[in-house]
Amino acid sequence: MSDNRLEIRNLHARIAGGETILKGVDLIVPSGEVHALMGPNGSGKSTLAKLMAGDPSYEVLDGDILIDGESVLELEPDERARAGLYLAFQYPVEVPGVSIANFLRLALNARREEGDEVGVMEFYAKLQRAVKALDWDESIIERNLHEGFSGGEKKRSEVLQLLVLEPRYAILDESDSGLDVDALKVVANGVNAARGPNFGALVITHYQRLLNYIVPDMVHVMSSGRVIESGPKELAMDLDAKGYDWIREKHGITASGDAVAHA
Amino acid sequence: MATLTDGAVLTAEALEALIARLGEPDWLAAERRAAWRTYQATPFPTGRDERWRYTQLNRFAIDGLELVDAPRDTGVSDRIAMRITDSDAEGTLVLKGGELVREDRRLKQAGVIFTDLRTALRDHEDLVRKHLYSVVNAGDGLRKYAALNAALWTNGTFVYVPKDVEVELPLGAFHTADRGGLAGGRTLIVVERNAKVTYLDEFTCEPLGERLVNTGVTEIVLGDGAKLRYVSLQNWSRDVVQLNTIRAHLARDARLESLTVSLGGDAARAEVEVSLQGPGSESEMLGLYFADEGQHYNQYTVQHHASHHAHSDLLFKGALRDASSAVYSGVIVVDPGAQKTDAYQTNRNLLLDGESEAVSIPQLEIKANDVKCSHGSTTGPVPEDQRFYLMSRGLRPEVAEHVLVTGFLYEVMSRVTLPKVAQYVERVVQAKLGVPGVKEKL
Ligand SMILES: Nc1ncnc2c1ncn2[C@@H]1O[C@H](COP(=O)(O)OP(=O)(O)OP(=O)(O)O)[C@@H](O)[C@H]1O
Ligand SMILES: [Mg+2]
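Protein chains in written order, with the numbering used here: chain L, 134 to 396; chain F, 933 to 1374.
Everything labelled a hint here was simulated from the structure, so no lab data went into it.
Nothing here was measured: the structure is a model prediction, and the numbers come from that model.
Among the clues, some could well be false.
[What the hints assert, rightly or not] A short list of chain F residues far from chain L (calculated; beta carbon distances all over 12 Å):
1) Arg980
2) Arg1143
3) Glu1214
4) Pro1294
5) Gln1295
6) Ala1300
7) Glu1316
8) Asp1317
9) Gln1318
10) Arg1319
11) Arg1325
12) Arg1328
13) Val1344
14) Ser1346
[To be verified] One-sided excerpt, in silico: chain F residues whose CB lies under 7 Å from chain L:
15) Leu960
16) Phe1320
17) Gly1326
18) Tyr1342
[To be verified] Some chain F residues well away from chain L (every beta-carbon gap over 10 Å; in silico):
19) Ala973
20) Ala993
21) Val1008
22) Thr1051
23) Asp1055
24) Glu1124
25) Lys1159
26) Arg1184
27) Glu1189
28) Leu1336
29) Thr1338
30) Glu1343
31) Met1345
32) Pro1351
33) Arg1359
Even glycine gets a Cβ: it sits at the ideal position worked out from N, Cα and C.
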C-alpha cells in the first residue's frame, strides 16, 4: 500500500494544561481522495484540525500524526505547512497591515530556496487564476488580511490561499458555514479545482448540502473526541436526515459527551 | 536611583566662551544667559517627577561631557548623501556638530526662508528675534534639558513661510555627528497665515565609538489657518542619547500633523507639546517606536486645549524586544472655557518577548464641561492566534514576527501622508527586524 496519505493514529490530546478533548482518533485520508468529517458541535473536529496544523494551544498526549508516512508531531506549524499541509480555518483571524497579495508572496517564498523567490509575473498570474476560480474581484488581493471581511469573504479567502499555495493535503474546517448557495458553489468549485491524484482533503462540515458539490470518497463521523463511524458518501445523507443520535446510540455514547465543554 | 549631575564641565565660563565664539547679537547672549540661570536653578529630574516617572534617568546623564563645538570633518556620509538624492525635497540642509556642511535648495516661492539658524541670524535677524524662544523660553517653566539647550545650542534650522504661500514639496534637515560630547541643536519653524509647508528633522550618524548626548528643541509657530506637517525621525547610532523637545503654538484654524519616530540611539526622550491657542485649531500627533537590544524610549506628550472648538488626536504605537523599555506619559489639558474640545489620546505597545517592558501613563486634566475627551492604552504580547495563523501558511517564525510588527505599526503608518518617509521608516523597521536584504539598501 502507498504511503501517500494523511494519517491520524490513536490521537489523544488536550487543551494545553487543561481538559482532554481527543480520546483516540484514527483517520486516514489517502492522497487523491476527499473525505468528509462530520459530527455534532463540540465533538472535537476543529481541535483535530488545529492539532494537525500544529496549534501550540493544544498538547498531544498519545498517538501520532503522519504525512506520507512521516510523523509531523515534532514539526512547528510552518514546517508542517511546508511539508504540504494546509488548514482552512473555521474562524480565520484578522492580521492588520498585511495585504493578501503580500502575505501570499511571503507564504510562497517560504516554500522556495533563498534566491529563488517567485517572479512577479508568475505570482500575479497565479493569484489572478485563483481569484477568477473563486469568481472574485481582483481588488481583494490588495486588501489587508481579513480586515473588515464578512464571514463569507473570510471563508473564500481561505480557499483562495489554498489554490495559490497548492498544498498536498488540505483540511477545510467548515468552509461552507454561513455561505449562501451561490457562494457555496464557488467555494466547492475552488476545492474541486484543486482535486487530483496528488491532493487529498479532509472536509469538515455539518451539512450534506456541501457534499453535493464536493462529492466525498468517504464520510467519517466524530463524537466525543473519537471517530466512531466511517462509511461511503451515503452516510452523510443518513446523518442529514436522521441526525446523530442513532449513531451515538449504536456506539453507546450520550449526547452530553459532545456538548459538555461547549456549553 | 542615581542622582544626575553635569559634573562641572558645563560652567558659566564655558557659556561665555561659546557666546564669544559665535559672535551673536546681544539680545541672544542675554537669552542664553537667562536660560543658563534657569538651567542652574532647576534641579535634574528625579523619578518622583510626574513627567519622568519610570524613566531610566541614568541613561540621560550628561556629566563629564564636553560641549561639541565643531565636527571632526565636514564630510557627508554616503548614507545621508543617498537619502538626499532619493528624496523629493525642495530643500535639505545637513548640520554636523553645529556646522552647516551641505545645502541643496530649489526653493521657488518668493519670501520663503529655509536656512541654518546662524545664517538666519545674520540675514533675517528681526524675524528670528521675533520668534526664537517665543515657544520654548526661560520664562515659562523651562525644563532642565530644554533650558540647557536654550543656553548652549550651536546651530539649527530656520523655516519661514510667509502668508498665503504653500510650499509643495517637503523641506528637511539632517542632523548628524562624528564625535561624542554634548550637543545642542534648535529648529524654528514659522508658518504665517494660511501658509503651508512640510518639514522633516532627521537625526542620524555612523557609529561614533564614543557617547554623544544630543539635546534638541523645535519651536513651531503656526499663524491663523497655517498648516504644517512635521516629522522628527530619530535614527541615531547606538552611541547617542537624544533629549528632544518639540513644542507648537497653533493660532485659529491652524493645523499641525506631527510624526515622532524613534528607532535609533541608546536612549531617547521625546517631549511633544502642542498648545491649541486658537479656536478651530487641529493637531494630529502620531508616534512610532521600535526598541530593541536594550534601547530605552521615553515619550511625554501634552495636548493643551487653551481655546474652544479645537481638536487633537494622538496615537503613539511601539514595539519592543530584547530587554528594551518604553515609557509613554501624556496628558490632555483642557482649560476652563475651552468648550467643544475634541481630544483623543491612545498609546499601544507590543511586547515581542518577556524581558521587555512598557509603561503607559495617560492623564486627563479637564476644566471645561462641554468636551469630548478619551484616552486609552494597551500593552501586550503578540496575539498567539495571529502568529499561529501566519505560521500555518508556512511563514518562518521570524517572518511571521516581521508581519506582526509591521501589522501592529500599520495603524500609524497608514496615516503618514508622506510616502518617502513611510517607505524609509518601514525599511528601518525591517532592518531592525532582520528582514534579509533590507539593511544593505538603507
Ligand atoms: N481552546 C479551547 N479552550 C477551551 N475549550 C476548548 C478549546 N478548544 C476546544 N475546546 C472545547 O473542546 C470541545 C471540542 O471543540 P471543537 O471546537 O474541536 O469542536 P467542533 O467539533 O469543531 O465543534 P463545532 O462543530 O461547533 O465547530 C468543545 O467542548 C470546546 O468547547
Ligand atoms: Mg469546529
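Evaluated hints:
no.: 1; hint: Arg980; in the structure: 38 Å, holds
no.: 2; hint: Arg1143; in the structure: 36 Å, holds
no.: 3; hint: Glu1214; in the structure: 25 Å, holds
no.: 4; hint: Pro1294; in the structure: 22 Å, holds
no.: 5; hint: Gln1295; in the structure: 28 Å, holds
no.: 6; hint: Ala1300; in the structure: 35 Å, holds
no.: 7; hint: Glu1316; in the structure: 7 Å, violated
no.: 8; hint: Asp1317; in the structure: 5 Å, violated
no.: 9; hint: Gln1318; in the structure: 5 Å, violated
no.: 10; hint: Arg1319; in the structure: 9 Å, violated
no.: 11; hint: Arg1325; in the structure: 4 Å, violated
no.: 12; hint: Arg1328; in the structure: 6 Å, violated
no.: 13; hint: Val1344; in the structure: 10 Å, violated
no.: 14; hint: Ser1346; in the structure: 7 Å, violated
no.: 15; hint: Leu960; in the structure: 47 Å, violated
no.: 16; hint: Phe1320; in the structure: 6 Å, holds
no.: 17; hint: Gly1326; in the structure: 4 Å, holds
no.: 18; hint: Tyr1342; in the structure: 3 Å, holds
no.: 19; hint: Ala973; in the structure: 48 Å, holds
no.: 20; hint: Ala993; in the structure: 37 Å, holds
no.: 21; hint: Val1008; in the structure: 34 Å, holds
no.: 22; hint: Thr1051; in the structure: 42 Å, holds
no.: 23; hint: Asp1055; in the structure: 46 Å, holds
no.: 24; hint: Glu1124; in the structure: 38 Å, holds
no.: 25; hint: Lys1159; in the structure: 27 Å, holds
no.: 26; hint: Arg1184; in the structure: 36 Å, holds
no.: 27; hint: Glu1189; in the structure: 20 Å, holds
no.: 28; hint: Leu1336; in the structure: 7 Å, violated
no.: 29; hint: Thr1338; in the structure: 5 Å, violated
no.: 30; hint: Glu1343; in the structure: 7 Å, violated
no.: 31; hint: Met1345; in the structure: 7 Å, violated
no.: 32; hint: Pro1351; in the structure: 16 Å, holds
no.: 33; hint: Arg1359; in the structure: 15 Å, holds
This entry does not satisfy hints 7, 8, 9, 10, 11, 12, 13, 14, 15, 28, 29, 30 and 31, going by the numbered hints stated previously.
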